[in-house]
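*Asks:* Sequence:
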Amino acid sequence: MNGRMRLAVLAPLMVSSLALGSVTFLAAPAQSASKPSCGLSKTADPNKIQVSGQNFKPKKNVLFQSDAGGEGTAPTDAQGGFTSTLDGPEGTVTAVQIGGSEVTCGTVAATEEKTAKDTFTDGYNFGYNLAIKNCTKPNLANKPGDPMWDQGFDKGQAQALKDCKTSGR
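Residue numbers are given in the working numbering: position 96 of the sequence shown equals residue 96, and the series is strictly consecutive.
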């Protein structure tokens, strides 16, 4: 094979491999984000329920609704979290953002009542999960106002930050 023939065969192969290499690079998987989640807790008003969520798109509205008829919207904070209240004490509550999938927050029976310990645990879990995400102290602008939930939230985020420090994150 002469020099020109070799160049004619090799040049397209090299260009193809460079193009495919670029495509592969551009299609590299993105860092996976945490899935949105939400939860429910009782409020002092028996006709309302608190809806709290995390890992939603930051600074965007979340629509939440109960199959018993109540619905509402809340803006997320810079970390993608929100807390709001929903009229109606029972039903299965879901939350969704435009372009996102629907998330089930939970189901509350009409006669179900949360104890102070349950409310503390809800706040603790929410605070822990929010803080462990980035190993920073979250600033939740819209706390529900229940002292037990607030105490749980503060203790949960403190434990998460301690765990981050212990693990070297």
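Just to be clear, a hint being listed does not mean it is correct.
[What the hints assert, rightly or not] For lysine-lysine, the following PhoX-like pairs were computed, each having C-alpha atoms within a straight-line distance of at most 20 Å:
hint: 1; residue 1: K137; residue 2: K59
hint: 2; residue 1: K48; residue 2: K137
hint: 3; residue 1: K133; residue 2: K35
hint: 4; residue 1: K155; residue 2: K165
hint: 5; residue 1: K143; residue 2: K155
hint: 6; residue 1: K155; residue 2: K59
hint: 7; residue 1: K155; residue 2: K133
hint: 8; residue 1: K57; residue 2: K137
hint: 9; residue 1: K117; residue 2: K137
hint: 10; residue 1: K117; residue 2: K42
[Claimed, not checked] With beta-carbon atoms standing in for the labels, derived distance ranges:
hint: 11; residue 1: T73; residue 2: R169; range: 29 to 39 Å
hint: 12; residue 1: G69; residue 2: T136; range: 30 to 40 Å
hint: 13; residue 1: N47; residue 2: G168; range: 17 to 27 Å
hint: 14; residue 1: D67; residue 2: I98; range: 12 to 22 Å
hint: 15; residue 1: K162; residue 2: N139; range: 26 to 36 Å
hint: 16; residue 1: P58; residue 2: G106; range: 32 to 42 Å
hint: 17; residue 1: S34; residue 2: N61; range: 33 to 43 Å
hint: 18; residue 1: Q159; residue 2: G69; range: 14 to 24 Å
No wet-lab data here; the hints were simulated from the structure.
Glycine included, every Cβ here is placed at the ideal spot set by N, Cα and C.
*Asks:* Look at each hint and say if it fits the structure.
*Replies:* Structure-based check of each hint:
1. K137 x K59: holds (18 Å)
2. K48 x K137: violated (29 Å)
3. K133 x K35: holds (11 Å)
4. K155 x K165: holds (15 Å)
5. K143 x K155: holds (14 Å)
6. K155 x K59: violated (26 Å)
7. K155 x K133: Given that 20 Å is the threshold and the Cα spacing comes to 16 Å, the pair holds.
8. K57 x K137: holds (19 Å)
9. K117 x K137: Cα-Cα ~23 Å, so violated.
10. K117 x K42: holds (12 Å)
11. T73 x R169: 29 to 39 Å: holds (34 Å)
12. G69 x T136: 30 to 40 Å: Given range 30 to 40 Å: holds, Cβ gap about 38 Å.
13. N47 x G168: 17 to 27 Å: violated (47 Å)
14. D67 x I98: 12 to 22 Å: For D67 and I98 the Cβ distance comes to about 21 Å; the hint holds.
15. K162 x N139: 26 to 36 Å: violated (18 Å)
16. P58 x G106: 32 to 42 Å: violated (23 Å)
17. S34 x N61: 33 to 43 Å: Taking Cβ atoms as reference, S34 and N61 lie about 19 Å apart, which means the hint is violated.
18. Q159 x G69: 14 to 24 Å: Violated, at about 37 Å.
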